[in-house]
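K.L.:
Here's the letter readout for the chains.
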Amino acid sequence: MSTAGSSLGGMFSNRRLGRWTLNAFATLAFVFALLPLIFVTWLSFYEQEIPSFPPTGYSLQWYARAIANERFIDAFFLSAQVGLVATAIGLLVAIPASIALTRYAFTGRGAINNLLLMPLVIPGIVLGFSLYIFQVETTIATELPIMGSFWGLVFGHVLLVIPWSVRLITASLIGFDRTLEEAAMNLGADPFTAFRRVTVPGILPGIVAGAMFGFVSSFGNLEVSLFLVVPGQTTLPIAILQYLEWKIDPTIAAISVLQILIIIAAMLITDRFVRISRVV
Amino acid sequence: MAGVKLQGLSKHYGDFQAAEDVTLDIVDGEFLVLLGPSGCGKTTTLRMIAGFIEPTTGTVTIGGADVTRLPPWKRSTGLVFQNYALFPHMTVAQNVAFGLEMHKVPKAEIGSKVATALDLVQLGHLADRYPRQMSGGQQQRVALARALAFQPDVLLLDEPLSNLDAKLRHEVRHQIRSLQQRLGITTVMVTHDQEEALTMADRMVVMKDGRIQQLGTQRELYDDPTSEFVASFVGRSSFIKGRFSGGRFVSHGGLAVETERRLTGEAVVALRPERIHLGADAASDAGNTYRGRVESISYLGSSIDVEVKLNEIDSVIAQVVNKGRDSGASVGDEVSVTFPRDVPVFAASPA
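Respectively, the protein sequence lines represent chains Z and C.
Position in the first sequence (first residue = 1) + 11 = my numbering.
Position in the second sequence (first residue = 1) + 1487 = my numbering.
You can take every hint at face value.
Under 10 Å between C-beta atoms, here's a sample of chain C residues computed to sit facing chain Z:
(1) Ser1563
(2) Thr1564
(3) Asn1570
(4) Leu1573
If we take Cβ atoms under 10 Å as the criterion, some of the chain Z residues that face chain C in the derived model are:
(5) Thr190
(6) Leu198
(7) Val209
(8) Gly213
These are computed hints drawn from the structure, not numbers from a lab.
Don't be surprised by glycine CBs; every beta carbon is placed ideally from N, CA and C.
Modelling step: build the complete structure from the supplied sequences, incorporating the hints.
P.N.:
In structure tokens, the structure reads:
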């Protein structure tokens, strides 16, 4: 009796120990991931110009400076603009491509699938440099103003958007029940109407999540943009880098916090419409 | 409303014949059931009527118009899918309205037509629910309302009851049948369940390997099956195998059986369990009488199955009404077995 009791007790305490360890590791991982964000946020409220510990006091002056800095503001709007346009174009490519990849068997399907995911695998600096060479050569060959233009930059960012959206849209297309399309056609909808009225709402979470991730990876991109921007046309990450070359005051921390807030807001708003956690 | 004609309809996938020379004349207002095991071509046939599969050869005519080359959305068929295929992002009312919108019904009329269709299946009060908030049986009725709302020429049912539990299946079977009769809509249903076919159909078609085995009313198929396959697929049968020589059938076990129909060569006699009479008494002249020994007894509630061994090879199963405690025989008893002369006989199918 007593042996049975103690082994039962042992089992329970083992399980409790297991759960405790799991929680501890999960917390550790969270702290590890969030620590830089916490420090950046803390730093952004420091009073003194040279970041040193402990802070001499707290103020909001760096936020005021960040918002007052015209270069940051211009860069922010350019980044947002490039991100939105690149995401829109990326979706126009990714949606048909995902349909072709999931629904039709054709030679080279695997190759095209890999090609579309390639920008995710290639180091950003390599991608940026290749795009730079390509755009310089095309500009010389065609004498069109491609290099250093808004559309040249957008073109590079479309390549950042495509892999994310193709991945997420194909995933939701694979999970989509095609008898729903047949039902729509049986009720009198032609294939395009069936797609628009039934398939698109069905895969919307995938499309939104794809757009979201595409936009975020474009908005935060540094390596590709580095090669494609020209003076007077800078994205936010590059503006931050350029500022850092001369100064390391908490303005950078403040602008980073603002950037994080914007992305969090975008995530929360998106999540209200589609549960991103279900697709990603 | 309209009849459906299938003329020499075939569908081949490479060497595989999913359907072969299917010819059917489904009259206006008829409830026709396509019955067969999986892979027999019944679903292929249904999908060719709906337009989802383009036939290799043959024609489909609905209401006198050749629709063989028309895509699904230009045909007037309402299909109830096996998994119902309700649009998950639309309410019940929006699901039902979809077909009406596609058929350019004026906006002002859609509301009342949706209500009428939902009332047909007694779901008017759930119009604003989403499919996921409903039970399987309710979803099935929404699918039915959606398929009927735009008043198609033909109603197509693809195993509509297979996802329901046994009790609900009985109920829905009668609902569908009475609705169909009330509307008088030509209906084609696919099923692998012979009981479903027997209780719902005006006429039924038994299919196997892409071909029609037999077409007829329930009575015709049950009483006069023309092949061993139909006799075993529709209802139950005991088979006595043998051959005709000199106009008489002699089983492999040595029984001489008198039959009304006479063939030549290898043949099979099919015996329905309820047509076989057991008795301890001597032969009557009602038909064929043999002596045998009770091999096993299975109790089914209202009836009892008694397996009787007639000789080393031949045995039959007789169904006797359960009349109470001392009804019938027990295992090992010697009994006489009688069955009539007008039993179905057909040439043995090549093994």
